[in-house]
Amino acid sequence: QDKPVQLKLSSWVPAQHPLNPALQAWADDIKKASNGSITAILFPSEQLGKAFDHYDMARDGIADFSYVNPGYQPGRFPVMAGASLPFLFANGKEGSAAIDDWYRNYAAKEMKDVKYCFAFVHDPGTFHSRKKITLPTDIKGMKVRPATSTVGQLITSLGGTNVQASAPESRDMLERGVADAITFPWGSIGLFGIDKVVKYHMDAPLYVTPFVWVMNKGKYDAMSAGQKKVIDDHCTSEWAQKVAGPWADFEFGGRAKIAAQSGHEVYKLTPEQLDAWRKAAAPSEAQWAESVKKVGEDPKAVMDALKGSLTKYKSAL
Amino acid sequence: MAARSASYMDRAINTIEWLAAIFVGIVALNIFVAVVLRKFFDTSIPDAYDFGRMLLGILIFWGIAATSYRGGHITVDLVWTAAGPRMKRVIDVFATLVLLFVVAVQTAMLFDKVRGTYVDNVLTYDMNIPTWPFYAVAWFGDVCAVLLIAIRTYRLIFHPEQLEEIHPEQKADE
Amino acid sequence: MSPDAVAILGFVALFVLMLLRVPVGMAMGLVGVVGYSYLVGPGPALKLVGQTSMRTVTDYTFGVIPMFMLMGALVSVSGVSRELFKAANSMIGHLRGGLGVATVVACGGFAAICGSSVATAATFSAVAYPEMRRFNYPQSFSTGVIAAGGTLGAILPPSTVLAVYAILTQQDIGKLFMAGIVPGILAMAMYVLTIAIIVKLRPDWLPGGEVKPWSERFKDLRNVWAPLVLFVFVIGGLYGGFFTPTEAGGVGASGAFILGLVRRKLDGPKIREALLSATRTAAAVFTVLIGALLFGYFLTITQSPQKLTEFLTGLGIGRYGVLALIMVMYLVLGCLMDAMAMIILTVPIIFPVIVHLGFDPIWFGVIIVMTVELGLIHPPVGMNVFVIKSVVKDVSFTTIFKGVLPFIVTDIVRLVILIAFPVIALWLPTRMG
Ligand code: NA
Ligand code: NA
Numbered sequence: 003q004d005k006p007v008q009l010k011l012s013s014w015v016p017a018q019h020p021l022n023p024a025l026q027a028w029a030d031d032i033k034k035a036s037n038g039s040i041t042a043i044l045f046p047s048e049q050l051g052k053a054f055d056h057y058d059m060a061r062d063g064i065a066d067f068s069y070v071n072p073g074y075q076p077g078r079f080p081v082m083a084g085a086s087l088p089f090l091f092a093n094g095k096e097g098s099a100a101i102d103d104w105y106r107n108y109a110a111k112e113m114k115d116v117k118y119c120f121a122f123v124h125d126p127g128t129f130h131s132r133k134k135i136t137l138p139t140d141i142k143g144m145k146v147r148p149a150t151s152t153v154g155q156l157i158t159s160l161g162g163t164n165v166q167a168s169a170p171e172s173r174d175m176l177e178r179g180v181a182d183a184i185t186f187p188w189g190s191i192g193l194f195g196i197d198k199v200v201k202y203h204m205d206a207p208l209y210v211t212p213f214v215w216v217m218n219k220g221k222y223d224a225m226s227a228g229q230k231k232v233i234d235d236h237c238t239s240e241w242a243q244k245v246a247g248p249w250a251d252f253e254f255g256g257r258a259k260i261a262a263q264s265g266h267e268v269y270k271l272t273p274e275q276l277d278a279w280r281k282a283a284a285p286s287e288a289q290w291a292e293s294v295k296k297v298g299e300d301p302k303a304v305m306d307a308l309k310g311s312l313t314k315y316k317s318a319l
Numbered sequence: 280m281a282a283r284s285a286s287y288m289d290r291a292i293n294t295i296e297w298l299a300a301i302f303v304g305i306v307a308l309n310i311f312v313a314v315v316l317r318k319f320f321d322t323s324i325p326d327a328y329d330f331g332r333m334l335l336g337i338l339i340f341w342g343i344a345a346t347s348y349r350g351g352h353i354t355v356d357l358v359w360t361a362a363g364p365r366m367k368r369v370i371d372v373f374a375t376l377v378l379l380f381v382v383a384v385q386t387a388m389l390f391d392k393v394r395g396t397y398v399d400n401v402l403t404y405d406m407n408i409p410t411w412p413f414y415a416v417a418w419f420g421d422v423c424a425v426l427l428i429a430i431r432t433y434r435l436i437f438h439p440e441q442l443e444e445i446h447p448e449q450k451a452d453e
Numbered sequence: 107m108s109p110d111a112v113a114i115l116g117f118v119a120l121f122v123l124m125l126l127r128v129p130v131g132m133a134m135g136l137v138g139v140v141g142y143s144y145l146v147g148p149g150p151a152l153k154l155v156g157q158t159s160m161r162t163v164t165d166y167t168f169g170v171i172p173m174f175m176l177m178g179a180l181v182s183v184s185g186v187s188r189e190l191f192k193a194a195n196s197m198i199g200h201l202r203g204g205l206g207v208a209t210v211v212a213c214g215g216f217a218a219i220c221g222s223s224v225a226t227a228a229t230f231s232a233v234a235y236p237e238m239r240r241f242n243y244p245q246s247f248s249t250g251v252i253a254a255g256g257t258l259g260a261i262l263p264p265s266t267v268l269a270v271y272a273i274l275t276q277q278d279i280g281k282l283f284m285a286g287i288v289p290g291i292l293a294m295a296m297y298v299l300t301i302a303i304i305v306k307l308r309p310d311w312l313p314g315g316e317v318k319p320w321s322e323r324f325k326d327l328r329n330v331w332a333p334l335v336l337f338v339f340v341i342g343g344l345y346g347g348f349f350t351p352t353e354a355g356g357v358g359a360s361g362a363f364i365l366g367l368v369r370r371k372l373d374g375p376k377i378r379e380a381l382l383s384a385t386r387t388a389a390a391v392f393t394v395l396i397g398a399l400l401f402g403y404f405l406t407i408t409q410s411p412q413k414l415t416e417f418l419t420g421l422g423i424g425r426y427g428v429l430a431l432i433m434v435m436y437l438v439l440g441c442l443m444d445a446m447a448m449i450i451l452t453v454p455i456i457f458p459v460i461v462h463l464g465f466d467p468i469w470f471g472v473i474i475v476m477t478v479e480l481g482l483i484h485p486p487v488g489m490n491v492f493v494i495k496s497v498v499k500d501v502s503f504t505t506i507f508k509g510v511l512p513f514i515v516t517d518i519v520r521l522v523i524l525i526a527f528p529v530i531a532l533w534l535p536t537r538m539g
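Each protein sequence line maps, in turn, to chains P, G and Z. According to the numbering used here, the residues represented by the first sequence are 3 to 319, in order. According to the numbering used here, the residues represented by the second sequence are 280 to 453, in order. According to the numbering used here, the residues represented by the third sequence are 107 to 539, in order.
Looking at chain P on its own, in the form it has when it is part of the complex:
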């Protein structure tokens, strides 16, 4: 008979976010598979700690599982930062399986303080702006609220200015002209009311934000062999895709909603325009390569592996 274990799951997104029910379903499946010996309580909305601290919270046992945005701490997880480079992921669901399959090989080293469960992404985000953005040169002189540090570097390299703000503050920033544009996934635009304050939406998968779901090591080590297997069976690429699914669907659905609204312009890029963006992103990639070299990895091998995984799971651009 396995000793009963109760897990504290911590997610920093608000209670009504589509990620939370998916995590709950994941936990319910664990309960079933462990014959009720592993139960869990999900704490959303930063109830156990701030979003920025979630990696440390899993490391220190403040939470048993935590939802981490590695990009919140630029410099700390250089390999993972590669997945936030522009124009890599075509979609969120398959992309989640792809990033997990790829990062699994680096996690033990880069996230050595925790037990890695899986990685996932949201559906690709793009520019939503008050002035139309088609070419990289349009960014010059614009104030942009970037989603990640990598997108921020892209903005700076193109002569734009970064404005930092939390997601709920973003609408105000745009409305007040503190920012002219934001990079956001599509569904969240409606969720945070940003559709009321921007008009133009570039229909191109500019970026994704990588996330990981990690576990406290001590908690895992203290489990019985059977319980460990249940956890391992729930830390897979399939589960990454399953957990990321509802959120990806939600973001993906946002595009059609915005396109259907009057007063909004959703525009595609020509192949030449897309090419110009890829060229513009090259310095960001070079900068990323440097940071990866510093931790003893070969950036080309890392990037090729990521692209290979994206192709394998049908998420390559």
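Any given hint could turn out to be false.
Unchecked claim - Below, a list of computed lysine-lysine pairs in the DSS-like style, where the Cα atoms sit at most 27 angstroms apart:
#1 K142(P) - K367(G)
#2 K367(G) - K318(Z)
#3 K133(P) - K318(G)
Claimed, not checked - Calculated Cβ distances over 12 angstroms to all of chain Z for the following chain G residues:
#4 D289
#5 R290
#6 T346
As the list claims (entries may be wrong) - For the chain G half of the interface with chain Z, some residues (derived, Cβ under 10 angstroms), not all of them:
#7 W297
#8 L335
#9 L338
#10 V355
#11 V382
#12 V384
#13 T396
Don't read these hints as lab results, they were simulated from the structure. Here the structure is a predicted model, which means the values were calculated and not measured. Think of the CB as a built atom: it goes at the ideal place given N, C-alpha and C, for glycine as much as any other residue.
The hints should help you fit chains G and Z with the ligands onto chain P, whose structure is shown.
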């Protein structure tokens, strides 16, 4: 001898308080310049956001040092006000000892946090500058807080006449 | 021990420590960490201390607190309160009860640039009290009107307590500030009305002051331009969307500094005094914030906030019944604690209940700040009353409380009006978009 060391302590306390006060001014200046640059020149200080929040951290921990020494924390004075002079002193010594213990633990754990920031190579958002030196300066404010509370405890027990308490009207704001 | 028992024990320990004058923030932190360590383990509990302390003090949005404090402190040392009172006094001071009305109006003007009710009460004890006494106003009325007028500091924007409420509940600070404007003006109007009623009932109690020639009245009125400019600039900038709240604070502090220099009202020692007072008060408030977060994590683990919500909504007394219960609890707590500590300690626990009952979070912010401000003037203890007593030495607590009594009645009437007509608070923020 006692008077000499007392004036030495007072000077140290004043310096710490002054440093904290200067940081408040710097935080305001940072915001002011950032707003002016954005509004009138369409540009920004790189990392103004990160600098702003780390300066805030420095200002608060150095401020906690000054506030703790002067007895400027928010307290519930109901029992204390009603107590006689002897009881008042007992309460004061007890409260200061608890304060000393709590801030000492906090300082030790903050050191752990600063060390973590260094080991994990956490950088600023725009310029990718290491953040640990800022955290270290903030942490040093908390070290000063421990020192000042220790001085406060010592004076409270042995030289209560040397303690300069904050007046209620200077107390935290409601 | 069950988590429920640990939570109850935690509250008991917290109150014992606080009554023994352990700083509120330190007491909450200590109890929170000890409780957390009992339920989860000492390792995670200690890590939580470093993490929470560092994260709180380096949170950019919290920068709004010291910035508005600095603005208020710079305005205070620039002597603005004296100018405001002088202007109001020369306009209406000659009427019966006019000095009292002038005090209320000047308190409101000062409140429009200073975020603290205690600072407002303190500054007018020095400015308005001697003038009222000179014209034989009774001690009780003079101190009472200042204690009540002081609470405008936290109701009218900018307001530190409202900002802290906004941060704790993740509401828009700008919207909360806007929500405070009309209720703040209502509060002023009702205080003036209260004075008018007192004059009606006891015609000889509050004599008229000095009659000044119109030339002098206009000269005094002209001096009001500086605080007016600052208010329009900061609150207008926030409303019109030129700044974020933190920026509004930083720019407001810089504006107060520049205005003070230009008008030659600031010198080295005064600047030093303002910087020091902002640092001290900010540090004290952040200490409580850190402590409250630690205590909050402990309560989360015990799941007591959820249980409280279930309990209160299961009472079957209706949403206004629960609201009334909560407000009575605040009035009782107001016998012990000051406004900031009360807000920080209780809002994380009470807020989910309010949301669950379907009340508007912005409206509740105004209601709750008014309720805790009432705690600052009602007996047996009240911070504003203490502050007045420390400036006006020869007055007893009983006298002050006697003088403040009619204003407490007014405050309660005002609360009822705001609960019946939430639109009074919500009209302006909804127009903001
Ligand atoms: Na105010
Ligand atoms: Na009271």
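Comparing the hints with the structure gives:
| no. | hint | in the structure |
| --- | --- | --- |
| 1 | K142(P) - K367(G) | violated, 65 angstroms |
| 2 | K367(G) - K318(Z) | violated, 50 angstroms |
| 3 | K133(P) - K318(G) | holds, 17 angstroms |
| 4 | D289 | holds, 15 angstroms |
| 5 | R290 | holds, 16 angstroms |
| 6 | T346 | violated, 4 angstroms |
| 7 | W297 | holds, 8 angstroms |
| 8 | L335 | holds, 5 angstroms |
| 9 | L338 | holds, 7 angstroms |
| 10 | V355 | holds, 4 angstroms |
| 11 | V382 | holds, 8 angstroms |
| 12 | V384 | holds, 6 angstroms |
| 13 | T396 | holds, 8 angstroms |
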